[in-house]
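**Q** Residue-level listing of the chains:
2 protein chains.
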Amino acid sequence: MPRQELEYPKEPNNTVKRYPEKGKALIIPPFSPHSLTKLPSTAKYELETIHRIINSSQIVHVAFNAPNGEGFPSILPMIGQMGSYSRPSADLGDPLDLYLHGYVSSRIISLGRSSSSSESSEGLPVSISAAFVDGLVLSLTPNSHSYNFRSAVIFGNATLVTDPQEKLYAMELVTNGVAPQRWQKSRTPPSPGEMASTSILRVKIKNGSAKVRTGGPSDAKEDMEDLEMRSKVWAGVIPVYQTLGEAIPAEYNLAGDKVPDYLEEWRKEENEDAKVYAKDVGARPYVKVKKSAEEDE
Amino acid sequence: MPRQELEYPKEPNNTVKRYPEKGKALIIPPFSPHSLTKLPSTAKYELETIHRIINSSQIVHVAFNAPNGEGFPSILPMIGQMGSYSRPSADLGDPLDLYLHGYVSSRIISLGRSSSSSESSEGLPVSISAAFVDGLVLSLTPNSHSYNFRSAVIFGNATLVTDPQEKLYAMELVTNGVAPQRWQKSRTPPSPGEMASTSILRVKIKNGSAKVRTGGPSDAKEDMEDLEMRSKVWAGVIPVYQTLGEAIPAEYNLAGDKVPDYLEEWRKEENEDAKVYAKDVGARPYVKVKKSAEEDE
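Here the protein sequences line up with chains A and B, keeping their order. Residue numbers for the first sequence follow my numbering, beginning at 1 and rising by one. Residue numbers for the second sequence follow my numbering, beginning at 298 and rising by one.
No lab work stands behind these hints, which were simulated from the structure alone. Wrong hints could be hidden among the right ones.
Unchecked claim - Listed below are the simulated DSS-like cross-link pairs for lysine-lysine, each with C-alpha atoms no more than 30 angstroms apart in a straight line: (1) B:K576 x A:K185; (2) A:K275 x B:K572; (3) B:K555 x A:K279.
Claimed, not checked - A short, non-exhaustive set of chain B residues, derived as facing chain A with CB atoms under 8 angstroms: (4) S383; (5) R384; (6) R527.
Backbone N, C-alpha and C fix where the C-beta goes; we use that ideal spot for every residue, glycine too.
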């Protein structure tokens, strides 16, 4: 019997609004390029789905309120990876922290620092968004157009990582999130100066949610019955996926023009997975998910 | 003599923090896949650069403060395009509004509506972020790793569009932002019911900024002098770009299996431009931009 899948709590700020009558923004059991054979039976608030989308993202968008923001949240692109320092072998469906690499902003780091220094504070409230477009869904009428996509939003409290061992764990996690094994295959450990100049924020997650759309277009009954219009308007999906191009050695590279296998094999697998996923979900029929009793709440 | 390029004002919440000593997050005159031959002479606060990044983005991340958010901004992926209803022929370097298509969230729409109904209100403060990764920049040591990227952040006040003509303008703008000419090539105009069920937010922009990195890796002097290490650690760039795959006709498509030229030609051009840009910026040497007097402020 499978272990029960963990979900984030449903609270006002992470509750996904749905418009099933418009056939848009529909929730479908998600699967990632990295687990095409696995179709989780639940969606939306399931930790594994949310964490997988975050960890597949090269960039996450981080919003927080800074003093004197005049109502405007600050928002920044950052690099983030989810992991567990206390239990590094934790898998994606377990409770995890988000580690944010902070060189892109001094503002969030200083706010995270002041939050860390106050014993009574939980840390700076931050909201994180990540999204992939997997296809342009071109229906008969603009009103029914959509994207195939995977998106996740998480909320948590950010504090600056001060323990050098935890910082080292997070630096490796973030580096290998950009390209697997890169930490081991490049000059490490960091020097004391590099350690001192690197700021990492740890976000303790309060909740989160995900949305995934897959499948071909869907049109309203009236449009489907207009055969003359349908003979003119092309309907279908243009798959969208990211490609990692052939590696370009730096001018000063002395390690040979041949790109190392650990990069080249990873690159080819990523490209194949991304392409297969986008084509696969674009070729599927669109399935309207029935609302469960819980979702009707 | 060229017209002076317009820039957004430098204010605390859009001022780009830079760490030139780390060789990261550096500002370089940006150029887009769509204007490879044009190299603007200024960056960062220039309207054209910022607007071009936003309009190239299939998804933008929108943050705002909702009541009872407990300090956490709401954050949502949405579809957005910049344009000018009062002057539709305006170009990207002119002052423009951001139109957000709102079916993805009822919360922001209802806040935008309440902001619109109050005569004294400027509208809901929203912060928008968009970013592209153009390459993984693999230097000798994780500390110097970077991305080639283009990112933009804009701030403005959102109100619900109530004028039907302006709504129609925005619906066409957003649709053709997803795929050029799609509005003209699909079943339009929208029915009265479709008009009523579509919510569009107009964001009056207060300010914004952009950051762009291009070029190969850059390493610290000590690492460059370690020839033994350099013979082992591969350094270079893996270009990253989006690919639009071969279109997949819907099961109910009656307009022929052949994909229309307006889609197919656009798809091939986009793919070529994106690939050429990522490879081109990955093959360039990294150039440290000298800080100008203004930037030293």
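**Q** State for each hint whether it applies.
**A** We went through each hint and held it up to the structure:
{"no.": "1", "hint": "B:K576 x A:K185", "in the structure": "holds, 23 angstroms"}
{"no.": "2", "hint": "A:K275 x B:K572", "in the structure": "holds, 15 angstroms"}
{"no.": "3", "hint": "B:K555 x A:K279", "in the structure": "holds, 17 angstroms"}
{"no.": "4", "hint": "S383", "in the structure": "violated, 23 angstroms"}
{"no.": "5", "hint": "R384", "in the structure": "violated, 23 angstroms"}
{"no.": "6", "hint": "R527", "in the structure": "holds, 4 angstroms"}
Hints 4, 5 from the earlier list are contradicted by this structure; the remaining hints agree with it.
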